[in-house]
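Could you put together the complete structure from these sequences and hints?
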Amino acid sequence: MTRTRIAKVLQDSQPGEQIDVRGWVRTRRDSKQAFSFIELNDGSCMKNLQIVVDADVPGYEETIKQVTTGASVAITGEVKESPGKGQRIELAAKTLKLLGVADGQTYPLQKKGHSFEFLRDIAHLRPRTNTFSAIGRVRNVVCDSIHRFFQSRGFLYVQTPIITTSDCEGAGAMFQVTTLDPEKPPRDDKGNVDYAEDFFGKKASLTVSGQLEAEIFACSLGECYTFGPTFRAENSNTTRHLAEFWMVEPEMPFYELTDNMELAEAFVKTIINDVLERCPDDMQFFNERIDKTVLDTLNNIVSHEFKRVAYTEAVDILLSSGQTFDYPIEWGKDMQSEHERYLTEQHFRQPIIVYDYPRTIKPFYMRCNDDGKTVRAMDVLVPRVGEIIGGSQREERLDVLLKRMEECHLDPAEYWWYVELRKFGTVPHSGFGLGLERVIQLVTGMTNIRDCIPFHRTPKSADF
RNA sequence: UCCUCGAUAGCUCAACGGUAGAGCGAGCGGCUGUUAACCGCUAGGUUCUAGGUUCGAAUCCUAGUCGAGGAGCCA
Numbered sequence: 014m015t016r017t018r019i020a021k022v023l024q025d026s027q028p029g030e031q032i033d034v035r036g037w038v039r040t041r042r043d044s045k046q047a048f049s050f051i052e053l054n055d056g057s058c059m060k061n062l063q064i065v066v067d068a069d070v071p072g073y074e075e076t077i078k079q080v081t082t083g084a085s086v087a088i089t090g091e092v093k094e095s096p097g098k099g100q101r102i103e104l105a106a107k108t109l110k111l112l113g114v115a116d117g118q119t120y121p122l123q124k125k126g127h128s129f130e131f132l133r134d135i136a137h138l139r140p141r142t143n144t145f146s147a148i149g150r151v152r153n154v155v156c157d158s159i160h161r162f163f164q165s166r167g168f169l170y171v172q173t174p175i176i177t178t179s180d181c182e183g184a185g186a187m188f189q190v191t192t193l194d195p196e197k198p199p200r201d202d203k204g205n206v207d208y209a210e211d212f213f214g215k216k217a218s219l220t221v222s223g224q225l226e227a228e229i230f231a232c233s234l235g236e237c238y239t240f241g242p243t244f245r246a247e248n249s250n251t252t253r254h255l256a257e258f259w260m261v262e263p264e265m266p267f268y269e270l271t272d273n274m275e276l277a278e279a280f281v282k283t284i285i286n287d288v289l290e291r292c293p294d295d296m297q298f299f300n301e302r303i304d305k306t307v308l309d310t311l312n313n314i315v316s317h318e319f320k321r322v323a324y325t326e327a328v329d330i331l332l333s334s335g336q337t338f339d340y341p342i343e344w345g346k347d348m349q350s351e352h353e354r355y356l357t358e359q360h361f362r363q364p365i366i367v368y369d370y371p372r373t374i375k376p377f378y379m380r381c382n383d384d385g386k387t388v389r390a391m392d393v394l395v396p397r398v399g400e401i402i403g404g405s406q407r408e409e410r411l412d413v414l415l416k417r418m419e420e421c422h423l424d425p426a427e428y429w430w431y432v433e434l435r436k437f438g439t440v441p442h443s444g445f446g447l448g449l450e451r452v453i454q455l456v457t458g459m460t461n462i463r464d465c466i467p468f469h470r471t472p473k474s475a476d477f
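So in our numbering, the last one in the first sequence is 477, and the numbering has no gaps at all.
Heads up, some of the hints might be wrong.
[What the hints assert, rightly or not] Pairs of lysine-lysine residues, derived as DSSO-like cross-links and limited to a Cα-Cα distance of at most 30 Å, are as follows: (1) Lys320 to Lys346; (2) Lys125 to Lys93; (3) Lys98 to Lys124; (4) Lys320 to Lys305; (5) Lys78 to Lys60; (6) Lys305 to Lys124; (7) Lys98 to Lys416; (8) Lys305 to Lys346; (9) Lys125 to Lys197; (10) Lys60 to Lys98; (11) Lys21 to Lys125; (12) Lys78 to Lys93; (13) Lys125 to Lys305; (14) Lys416 to Lys215; (15) Lys215 to Lys473; (16) Lys21 to Lys78; (17) Lys346 to Lys416; (18) Lys93 to Lys110; (19) Lys21 to Lys60; (20) Lys216 to Lys386; (21) Lys110 to Lys125; (22) Lys346 to Lys386; (23) Lys124 to Lys60; (24) Lys197 to Lys216; (25) Lys416 to Lys473; (26) Lys60 to Lys305; (27) Lys98 to Lys125; (28) Lys197 to Lys473; (29) Lys124 to Lys93; (30) Lys78 to Lys107; (31) Lys110 to Lys60; (32) Lys98 to Lys78; (33) Lys110 to Lys124; (34) Lys203 to Lys216; (35) Lys436 to Lys215; (36) Lys110 to Lys98; (37) Lys436 to Lys473; (38) Lys21 to Lys346; (39) Lys60 to Lys93.
Simulated from the structure, these hints should not be mistaken for lab results.
Because the structure is a prediction, the values reported are computed rather than measured.
Encoded structure:
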């Protein structure tokens, strides 16, 4: 007999079938001197399989006491129609084997709910809870959906480096990677640390984005995407930031900004639709226990066209809104969280794409518009989470790019290979970045991004 | 990094400067085709750390550590 996953049992098994299931005990309810109920979960789905263990099952007396919450067991038996409420079928055990005990005195998980803060401290056990097993499954479906979305459109999956020596990508503080002795690093004649002696012969860091490298592949192999971990050493302490997070970055040749926006919108909708279709039980759970509006929010997103709003228009809306903001908005200033939230949650009440931002608040690689003031940037803003996608059409004109680098005080020599892409067969191209954990936040309704990644890294926190 | 709040039993919390408690969980017993079961009993504490004020500190003060929410930065 081979093991059957509980998801399959609950879906397909018919009375009379002999099956073998294994997993972790959620609860046990005893009927003294008669039998016990075991709620078994193996992570394959939200629901548990109810198992009835009769007192005449071999070893019942010795074993059943140790079948506590958290213990692991292997059980064979016959599927029966369940006379009780709450489940179609149950398993009448014929054999019961205890695989691993979980001492009730010390096993930290109870049947009842725990705070997410507490569960973060026991990240090795929290996947056994309803919430975190559901997040795990949803995260998996989101990742699969991402690959399918791009693969089905002929995009090439390209791996960009995690360790990089391009110094200033402009996307925030970087974690340094070094093998030098921190106590006494080698020094040059001026007394500075001599990175020529370091592992890579120069200063190296963890990547903050694979975009620049992705552009290389986009400008030779066509549509492509990167999907991997990225690192930001910012001292950010919010519910929306991680020091290590996963980012999807598609990059497309011959795409202009509107093509980019269309792709971004289709991308977000596809992910949400896939999760709704493939994780109905998990989503039901999130809607009941985590955020009672999450299904409405997601249905609202997939059923509306994302409203496109030029930055200038967005500023006008904010100015004439009659709202008082902590940070007054004016043209040329970057929008604050409160502004973005007002636009998506109050004014439009749906996802929006803000585009054509002022040049001065955006990075050097974004394509300049003819007005001389704005660049072809776009941010997808969704209710509650805020910016979920940031992207742009890239500057493909060599002279303009060099001028912009000068404006941003960047040394073209540092980016010589990026600049050369504009020298040899340059093409218009576009791309964007999407933070995986922010999508998980949006889709599950979880409020803290630290609960949307299995093992979070934030300032002062890198356990497990 | 800034602002605000917090840290007490395994968990969630209470205790207004005067003997540290409850609910849940756990252990034991009872009851029951049960469903986050129910009933009874029992055990469980260096009140985050260091200093200070006081006859006396979980409680007040100072510093630190960690956590949460908000802000900035961003995905």
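Each hint tested on the structure:
1. Taken as a hint, the Lys320 and Lys346 pair is honoured in the structure, with Cα atoms around 21 Å apart against an allowance of 30 Å.
2. Restraint check for Lys125 and Lys93: satisfied, since their Cα atoms lie roughly 28 Å apart, inside the 30 Å limit.
3. Distance check on the hinted pair: Lys98 and Lys124 sit about 20 Å apart at the alpha-carbon level, within 30 Å; holds.
4. A threshold of 30 Å between alpha carbons decides the hint, and for Lys320 with Lys305 the separation of about 25 Å falls inside it, so the pair holds.
5. With a C-alpha separation of about 24 Å, the suggested pair Lys78 and Lys60 falls inside the 30 Å cut-off, and the hint holds.
6. Restraint check for Lys305 and Lys124: satisfied, since their Cα atoms lie roughly 22 Å apart, inside the 30 Å limit.
7. Proposed proximity of Lys98 and Lys416 is contradicted: the alpha carbons are some 72 Å apart, above 30 Å.
8. Of the pairs offered as hints, the one joining Lys305 and Lys346 is violated, with about 35 Å between alpha carbons and a cut-off of 30 Å exceeded.
9. With a C-alpha separation of about 52 Å, the suggested pair Lys125 and Lys197 falls outside the 30 Å cut-off, and the hint is violated.
10. With a C-alpha separation of about 14 Å, the suggested pair Lys60 and Lys98 falls inside the 30 Å cut-off, and the hint holds.
11. With a C-alpha separation of about 26 Å, the suggested pair Lys21 and Lys125 falls inside the 30 Å cut-off, and the hint holds.
12. With a C-alpha separation of about 24 Å, the suggested pairing of Lys78 with Lys93 holds against the 30 Å cut-off.
13. The hinted pair formed by Lys125 and Lys305 meets the criterion: a straight-line CA distance of about 20 Å does not exceed 30 Å.
14. At most 30 Å may separate the alpha-carbon atoms for a hinted pair to count; Lys416 and Lys215 meet this at roughly 27 Å.
15. For the hint linking Lys215 to Lys473, the alpha-carbon distance of about 28 Å falls within 30 Å, and the restraint holds.
16. For the hint linking Lys21 to Lys78, the alpha-carbon distance of about 28 Å falls within 30 Å, and the restraint holds.
17. Between the alpha carbons of Lys346 and Lys416 the distance comes to roughly 22 Å, so the proposed pair stays at or under 30 Å and holds.
18. Between Lys93 and Lys110, the direct Cα distance comes to roughly 20 Å. Compliance with the 30 Å bound is thereby established for this hinted pair.
19. At most 30 Å may separate the alpha-carbon atoms for a hinted pair to count; Lys21 and Lys60 meet this at roughly 11 Å.
20. Among the hinted pairs, Lys216 with Lys386 is inconsistent with the structure: their alpha-carbon atoms are about 35 Å apart, more than 30 Å.
21. For the hint pairing Lys110 with Lys125, the CA-to-CA distance comes to about 26 Å; that is within 30 Å, so the pair holds.
22. Between Lys346 and Lys386, the direct Cα distance comes to roughly 13 Å. Compliance with the 30 Å bound is thereby established for this hinted pair.
23. For the hint linking Lys124 to Lys60, the alpha-carbon distance of about 14 Å falls within 30 Å, and the restraint holds.
24. Restraint check: the Cα-Cα separation between Lys197 and Lys216 comes to about 16 Å, which is no more than 30 Å; the hinted pair holds.
25. About 40 Å separates the Cα atoms of Lys416 and Lys473, which puts this hinted pair outside 30 Å; it is violated.
26. Among the hinted pairs, Lys60 with Lys305 is consistent with the structure: their alpha-carbon atoms are about 20 Å apart, no more than 30 Å.
27. Proximity of Lys98 to Lys125 is assessed by CA-CA distance (about 21 Å); at most 30 Å being required, the pair is judged to hold.
28. Our distance criterion of 30 Å between C-alpha atoms is met by Lys197 and Lys473, whose separation comes to about 25 Å.
29. A hinted pair counts as satisfied when its Cα atoms are at most 30 Å apart, and Lys124 with Lys93 qualifies at roughly 26 Å.
30. Between the alpha carbons of Lys78 and Lys107 the distance comes to roughly 17 Å, so the proposed pair stays at or under 30 Å and holds.
31. Distance restraint check for Lys110 and Lys60: the Cα-Cα separation of roughly 21 Å lies within the 30 Å cut-off, and the hinted pair is therefore satisfied.
32. Restraint check for Lys98 and Lys78: satisfied, since their Cα atoms lie roughly 25 Å apart, inside the 30 Å limit.
33. For the hint pairing Lys110 with Lys124, the CA-to-CA distance comes to about 22 Å; that is within 30 Å, so the pair holds.
34. Using a Cα cut-off of 30 Å, the hinted pair Lys203 and Lys216 holds, with the two alpha carbons roughly 17 Å apart.
35. Between Lys436 and Lys215 the alpha-carbon distance is near 26 Å, which keeps this suggested pair within the 30 Å criterion.
36. Between Lys110 and Lys98 the CA atoms are separated by roughly 27 Å; this keeps the pair inside 30 Å, and the hint holds.
37. About 44 Å separates the Cα atoms of Lys436 and Lys473, which puts this hinted pair outside 30 Å; it is violated.
38. The hinted pair formed by Lys21 and Lys346 fails the criterion: a straight-line CA distance of about 54 Å is larger than 30 Å.
39. Of the supplied pair hints, the one linking Lys60 and Lys93 holds, its CA atoms being roughly 17 Å apart against a limit of 30 Å.
In this structure, the hints that do not hold are numbers 7, 8, 9, 20, 25, 37 and 38, in rising order.
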